[in-house]
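Student: Chain by chain, the residues:
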Amino acid sequence: MQPLELSAVDLVAALRQGDLTAVECATAFLDRIDAGNGAINAFLAVDREGALARAADIDARRRSGRPVGPLAGLPVALKDVLCTVDMPTTCASRMLAGYRPPYDADVVERLRRADAVFLGKTNMDEFAMGGSNENSAFGPVRNPWDLSRAPGGSSGGSAACVAADMAPVAIGSDTGGSIRQPAGLCGITGLKPTYGRVSRRGLVAFASSLDQIGPMARSAADCALIMETIAGHDPGDSTSLATEVPRYGQLLDKPLTGVRIGRVPEHFAEGLDPEVARGVEEAFAVLEAAGATVHEVRLPHARYGIPTYYLIAPCEASSNLARYDGAHYGHRAQAAGQAASGRAAGGAGGGDSPLAEMYRRSRAEGFGPEVKRRIMLGTYALSAGYYDAYYAKALRVRRLIRQDYLDAFQTVDLIGGPVSATPAFKLGEKKDDPLAMYLVDLYTVGTNLAGVGGISFPCGFTRSGLPIGFQLQAPPLGEPLLLRAADRFQQLTDWHRRRPRPAGGAPA
Amino acid sequence: MTAPPPYTTIIGLEVHVQLLTRTKLFCGCSTRFGAAPNTQVCPTCLGLPGSLPVMNRQAFELALRAALALDCTIAPFTKWDRKNYFYPDLPKGYQISQFDLPFSSDGRLEVVDPKGAFSRTVGIIRVHLEEDAGKSMHDEAAGTADSRIDLNRAGTPLCEIVTQPDLRSPQEARAWLNELKLLLVYLGVSDCNMQEGSLRVDANVNLHVPQADGRVAKTPIVEIKNMNSFRSVERALAYETARQWEEWQATKAEMGTTPKQTRGWDDPAGITRAQRHKEESSDYRYFPEPDLVPVTVSEEQLAAVRGAMGERPTVLRRALAERWSISPYDADVLVNQGRELVAYFEDVATRVGEGKVASNWLQQDVLRTLNERNESVDAFPIRPDALADLIGRVQKGEFDTSRGREIFAEVLASGRSVADVVATLGIAAVGDDELVALCRELIAENPKIVADVKGGKEQAAAGLIGQAKKKNPNVNPGKVRAKCLELIRGM
Chain X
0 MQPLELSAVD LVAALRQGDL TAVECATAFL DRIDAGNGAI NAFLAVDREG ALARAADIDA
60 RRRSGRPVGP LAGLPVALKD VLCTVDMPTT CASRMLAGYR PPYDADVVER LRRADAVFLG
120 KTNMDEFAMG GSNENSAFGP VRNPWDLSRA PGGSSGGSAA CVAADMAPVA IGSDTGGSIR
180 QPAGLCGITG LKPTYGRVSR RGLVAFASSL DQIGPMARSA ADCALIMETI AGHDPGDSTS
240 LATEVPRYGQ LLDKPLTGVR IGRVPEHFAE GLDPEVARGV EEAFAVLEAA GATVHEVRLP
300 HARYGIPTYY LIAPCEASSN LARYDGAHYG HRAQAAGQAA SGRAAGGAGG GDSPLAEMYR
360 RSRAEGFGPE VKRRIMLGTY ALSAGYYDAY YAKALRVRRL IRQDYLDAFQ TVDLIGGPVS
420 ATPAFKLGEK KDDPLAMYLV DLYTVGTNLA GVGGISFPCG FTRSGLPIGF QLQAPPLGEP
480 LLLRAADRFQ QLTDWHRRRP RPAGGAPA
Chain A
0 MTAPPPYTTI IGLEVHVQLL TRTKLFCGCS TRFGAAPNTQ VCPTCLGLPG SLPVMNRQAF
60 ELALRAALAL DCTIAPFTKW DRKNYFYPDL PKGYQISQFD LPFSSDGRLE VVDPKGAFSR
120 TVGIIRVHLE EDAGKSMHDE AAGTADSRID LNRAGTPLCE IVTQPDLRSP QEARAWLNEL
180 KLLLVYLGVS DCNMQEGSLR VDANVNLHVP QADGRVAKTP IVEIKNMNSF RSVERALAYE
240 TARQWEEWQA TKAEMGTTPK QTRGWDDPAG ITRAQRHKEE SSDYRYFPEP DLVPVTVSEE
300 QLAAVRGAMG ERPTVLRRAL AERWSISPYD ADVLVNQGRE LVAYFEDVAT RVGEGKVASN
360 WLQQDVLRTL NERNESVDAF PIRPDALADL IGRVQKGEFD TSRGREIFAE VLASGRSVAD
420 VVATLGIAAV GDDELVALCR ELIAENPKIV ADVKGGKEQA AAGLIGQAKK KNPNVNPGKV
480 RAKCLELIRG M
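If you read the sequences in order, they're chains X and A.
According to numbering that gives the first Met the number 0, the stretch in the first sequence is residues 0 to 507, in order.
According to numbering that gives the first Met the number 0, the stretch in the second sequence is residues 0 to 490, in order.
This is chain X alone, in the form it adopts within the complex (with noise of 0.2 Å):
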């Protein structure tokens, strides 16, 4: 039995029927990472002994026929914006590095009750802000297809260490695209759930009214398993929606017969890669031969989604940040007069009040310059006499954004399309381009902005051997046609199932 090669919903199976114990589960995956995480660079940190210790509870309580939960066993691997009390949260970030949260978010208190298994927590980009990972203070992830080449962000690290094998599943967080983008550059499964699926309560905030929280894996069977035990209503987020959680696994092995599925025009305009444009429409025939049915939908404010996003986010982002003032918790600077200058730390120096320079030093130390960028965005768009003109004007904005798919959703059931433009950039190719970069997020911010859910699935390779991903996108609440259609999709190729060659030495 080798562990790495199975699916999560095998995996369970296998660790259920005795065929595996959860330590060898465990062990495979936490030795395949101890290989390949110095190449990739996915996770921050790694708890070999924890996730050692919690795998032979289960096996212990399943041999003498104690209660187990419904992912005994499972490896997974945490997005490290999730607040765990057993690893630290850094959030990529200077500001938090090593910072405990005394608390465990909603999802990680879930799986734990499920019995996960959690192997450590991935890389990102700082804060969740960025589409390449390359914005982590502790170092870019590497595309496992290609060491050169970035991942995809923000959730680069869960992408990735799902793609090179060193964990079956992983939880992300996807503001607007982090976790399809990734799950397209790295040919894997990501779902965002719609808004309020999945509670956010110890999701360290980016962008409040955007930030959802979604499973990443090889397939959409196994990505229908884990939502079975992230999803649901949580009391502590007053955004969480009541609405029952379904059975999303059982709901899957149905075909495609009348499934109406969008396609947008202009999603295909000018800048669409000609190789991604060929998978994604070689995609929309699968579907038909599967029984759905293609038709042109108007998204009439699509073109729309980058600036307002580009406002909305950073707003919220300006005021969520705000708290890592370095009195608290996280980075401070050291005390006034010893370190940089005030000059040197961003501000204008001279005239603060050492309480001000301390506030002024901490953040221009602990935060790197994306997060700067954005926090200064937003504060700018917040401020008194902008305030009009950028963030109210940006969500009337957003209002018709989310009416044109719902108005979309009248006539289809779904709405597909490519992830990204390309496939994976290189490594530092968009670094100085911050504009370049936001542009990443070209069709996926539609989807957070709209408040409903989308699927990230591979549908192709390049010549060149890089994975290109599709994405469907559903009407509020829409999440089991979602992972139905991605799943009938995967049933009829094997896209999904192709692997990089190992980083670190072939599997043992």
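Simulated from the structure, these hints should not be mistaken for laboratory data.
Just so it is clear, CB atoms sit at the ideal spot from N, CA and C, and this is done for glycine as well.
Since no wrong hints were added, every one of them can be taken at face value.
Footprint (simulated), chain A over chain X, 3 or more residues, beta carbon under 8 Å: (1) 93-103; (2) 189-203; (3) 230-238; (4) 311-319; (5) 378-389.
Straight-line distance between alpha carbons at most 27 Å, and here's what the computed DSS-like set of lysine-lysine pairs gives: (6) X/LYS392 - A/LYS82; (7) A/LYS217 - A/LYS259; (8) A/LYS470 - A/LYS456; (9) A/LYS470 - A/LYS453; (10) X/LYS425 - X/LYS371; (11) A/LYS78 - X/LYS392; (12) A/LYS114 - A/LYS180; (13) A/LYS251 - A/LYS224; (14) X/LYS371 - A/LYS82.
Given chain X, work out where chain A should sit, using these hints.
Tutor: For chain A alone, kept in the frame of chain X given last:
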């Protein structure tokens, strides 16, 4: 009679009251006052990464009750906003408050001086809900210049009440605050304890000075802070009014020519001092709080809150005066003591079937005792049934009021029942024949006193009263005196 001042004083108030909830506005932490620093905190009120707020429904209902009692219009839809600023006692870097859609607005509260000096209806611009910040303690005494932060208070629910500039004197401001406090305590919305910070007042004041050409000049508005009692509000406003008048005469500076000034009240010195200007044109970058959902208020909900509200002090004063045929002044005294005392009064009055006598006993005996013992009426050992029993016996003529007071004192001291005290003290009404016989006996035994009285020294009769009390403790001293004088004159 002094001449009225050559200006009109314009005062508006901004009052923060802490709501009487068991837990904070957005988390389950206790709001109890006086706990060790930073012991009533959790990830939410500490603003830890990933924490989220959940609205306390009870706080919202208390705030609704206050707003309805202030005759405010309740918004059917209200939302939360973030007010962003940096301060160490504000752990999230923003305060959850309400900006452009407060849950209530446009109310009023009247204050009437019982002595008729003024009557003023003060408009309420808005009442909104927000969370409190923590407490910063700047401990210079420790010599380290370090500041200490206690976040127990962070997240405590506050109602902010902003008035129109409708008050016209420091006295009115103080009286209105008393009325507001009475109302909020009546409603159980807040304990309004200024020492514990559960009521805080800032005042805005300026002067309107009529000019020879008919124009009214307005002096720059000053905001006064740091007032820790209603008395200091009155003193600070009086000081500030006089200061502004002097400044006006010296500078003729009008509103709009200088930025709004904030001055702190220095209570021991009895003066206001200019405070350092806040961050120039502080920009709080308000925006809707994305972690909370908007609140909708239904008519049914409003009806339920109204139904549970009970009578407000203004209504109760009138009702009490009418129901029990007592004077408006008496009703005012009773109502100003709080809802518990009014309930006690009505219980006694119902049992004895008369308001005036119950009101007299309450004001003369119960209130005096409560003040002496510094006790609340709920803890008062003589319950309404016992007091009514005592008053009833006086009304039936079992003994007179002065003897009744002695019984009241004995019941209070011993904790025994009225009947018990009456029995052991051998209290019984003294009949006329009995009184006459007693007085004849005293006259016979005291020829010296009789001679003195006859000689014109009526005060000598006092000597007889002491002896009368020894012979029969139930006798009324006044009656003994009168009867003795009558008998002596007839001799």
